[in-house]
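Undergrad: Full structure from sequences and hints, please.
Number of protein chains: 2
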Amino acid sequence: MITIVLLGAGNVAKHLYEAFLPLNLVKVIQCYNRKGVQIHENQEGVFVTNNLNDLKEADVYILAISDDAVVEVSNKLPFQNRLVVHTSGSVPMKSMNSKNTRGVFYPLQTFSATKKVDFTTIPFCIEAEQEKHSALLETLASQLTKKIYAISSDQRNTLHVAAVFINNFTNHLFSIGSDICKEHNIPFEILHPLILETAKKAIEMNPDNAQTGPAIRNDVQTINRHLKILKDDSQKQLYNLLSQAIQTKYGKKL
Amino acid sequence: MITIVLLGAGNVAKHLYEAFLPLNLVKVIQCYNRKGVQIHENQEGVFVTNNLNDLKEADVYILAISDDAVVEVSNKLPFQNRLVVHTSGSVPMKSMNSKNTRGVFYPLQTFSATKKVDFTTIPFCIEAEQEKHSALLETLASQLTKKIYAISSDQRNTLHVAAVFINNFTNHLFSIGSDICKEHNIPFEILHPLILETAKKAIEMNPDNAQTGPAIRNDVQTINRHLKILKDDSQKQLYNLLSQAIQTKYGKKL
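Read top to bottom, the protein sequences are chains A and B. Everything in the first sequence is counted per the working numbering, starting at 1 for the first residue and increasing by one. Everything in the second sequence is counted per the working numbering, starting at 1 for the first residue and increasing by one.
Check the hints yourself; a few may be wrong.
Simulated crosslink set (PhoX-like; lysine-lysine; CA at most 25 Å straight-line) [what the hints assert, rightly or not]: (1) K35/A to K115/A; (2) K249/B to K182/A; (3) K200/A to K182/B.
If you want a taste of the chain B side facing chain A, the calculated C-beta under 10 Å gives, among others [to be verified]: (4) R82; (5) L144; (6) T158; (7) N167; (8) N171; (9) P187; (10) E189; (11) K200; (12) I203; (13) A210; (14) A215; (15) N218; (16) V220; (17) T222; (18) Y239.
If the Cβ cut is set under 10 Å, some of the chain A residues that face chain B in the computed set are [unchecked claim]: (19) K14; (20) L136; (21) Q143; (22) L144; (23) F188; (24) M205; (25) I216; (26) A245.
Read the hints as simulated data drawn from the structure, not as lab findings. Positions of the beta carbon are idealized from the N, C-alpha and C atoms, including for glycine.
TA: As structure tokens, this is what we get:
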């Protein structure tokens, strides 16, 4: 049995709590958040506190809190030599206070409040100062998923940049598609299958092999016609820069 | 029974041929391409020609050929007053020769040679000069999918721009993610679930509501750290411009 104190009341904390709930090998024995509120409807017998001095002894303390708060909370913990991990994609493990032994338990996925999470599909990036704690975190993650990766703080930092391109920036391109449709009274749903297929194709055949479109074909006529259609400056700039980027990348290879 | 002469030997022609093959209501009676080659292993009894003068009489001639070739081939057709449609996202219907009655039969999806296509998930954009031909094209499309949209040439042109953002440019962002991983010895597969979830989320909750990340949070510290990690100029420029675009878009709304 791995006992856990779970700190935080955001999406990651809530989804982790729910995922741990049915497990026999894992028990969340306490939750902490600043307001001392329940984070799940089924919290019978799991003490919630807003006082770090009340934290119980556990095998692992999971700081599922905002990036900015990780260091501060790690400083305020009123104990030492225990395993403290955070769930952040971008905070270096060693930025946490060294009075405790440190680790990272980072689920690489985008979470939202409303959408149920299937942890079996989510990769966990694990890091720990001590070998035995890597093993413990791996055991913990293995209760949720088969996708477990040993990732250093430097690698995780890099992964986070890649994730910004793949999630945040991609979503912005989707939103531009949606705006263009709205302006011209076209239902955006017509593009839904293309969104899904674009993702699937990049996974199945590697994005470099999946690249198509006027930019890689150097189809100047189509590019110019598209630029004329775009009224918004930001959309125009992005169309230009992304087309250039594609031409630079694949032009080099030709 | 709708009889078809299918022109072209690319991905769209091949996938359409395969999709029409099992249908009772539809029959491809002839294929044309410049080399006069078979486009499918099962072409028994379907005459293939490389001579436009040999084209048989059919209910509809589908030009599933490259955008650049559509006008030229429409000019060269040795008959008139028949229904000629193309499958292109960006060629205006009326750019085809007016000696025939014209239409568009545009499947809005990205096709590749190797990947099998499930047409039931693919939206068809339909346009025709005459009402009765719109109805015929709708009947034809309805054999393949329930997603049928009447879309004008102007709207289709606009849709094509949106599709470039959603497919071509998004795929380039995925390829940047892949490059970043490669440089730092991180398996790209770790980001596969995020790619899929990003697409699903944009479909389920509208991309504007799904936007997250350092740009929309105006998390300058993280943005600067990410810019330091990026070595490639093109990646840096895109990171900057996409972050600005997100801030401009959602800054306005706040």
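Undergrad: Hint check: is the beta carbon of A245/A less than 10 Å from a beta carbon of chain B?
TA: Constraint on A245/A satisfied, holds at 5 Å.
Undergrad: Close enough to count: is the Cβ of K14/A nearer than 10 Å to one in chain B?
TA: violated (16 Å)
Undergrad: R82/B was flagged as interface toward chain A. Is the shortest Cβ-Cβ separation under 10 Å?
TA: violated (28 Å)
Undergrad: The hint names V220/B as touching chain A; please verify it with the least Cβ-Cβ distance against 10 Å.
TA: Hint on V220/B: violated, closest Cβ of chain A at ~12 Å, above 10 Å.
Undergrad: Return the status of the interface hint for N171/B: holds when the least beta-carbon distance to chain A is below 10 Å, violated otherwise.
TA: Status holds, d = 5 Å.
Undergrad: With 10 Å as the cut and Cβ atoms as the points, is L144/A at the interface with chain B?
TA: The hint is violated - L144/A has no Cβ within 10 Å of chain B, the shortest such distance being about 13 Å.
Undergrad: Tell me if F188/A is really an interface residue toward chain B, meaning its C-beta lies closer than 10 Å to one of theirs.
TA: Constraint on F188/A satisfied, holds at 8 Å.
Undergrad: Double-check Q143/A for me: the hint is only fine if its C-beta lies closer than 10 Å to a C-beta in chain B.
TA: Because about 18 Å separates Q143/A from the closest Cβ in chain B, which is outside the 10 Å limit, the hint is violated.
Undergrad: At a threshold of 10 Å, is the proposed contact between K200/B and chain A supported by beta-carbon distances?
TA: Holds, because the Cβ-Cβ distance from K200/B to chain A comes to roughly 7 Å (cut-off 10 Å).
Undergrad: For the hint on L136/A, just tell me whether its beta-carbon gets within less than 10 Å of chain B.
TA: violated (21 Å)
Undergrad: Using 10 Å as the Cβ threshold, decide whether A215/B counts as touching chain A.
TA: Nearest chain A Cβ about 6 Å off; hint holds.
Undergrad: Does M205/A hold up as a contact with chain B if the rule is Cβ-Cβ below 10 Å?
TA: Result: holds, 7 Å to nearest chain B Cβ.
Figure legend: structure checked against the earlier numbered hints; hints not met, in rising order: 4, 5, 15, 16, 19, 20, 21 and 22.
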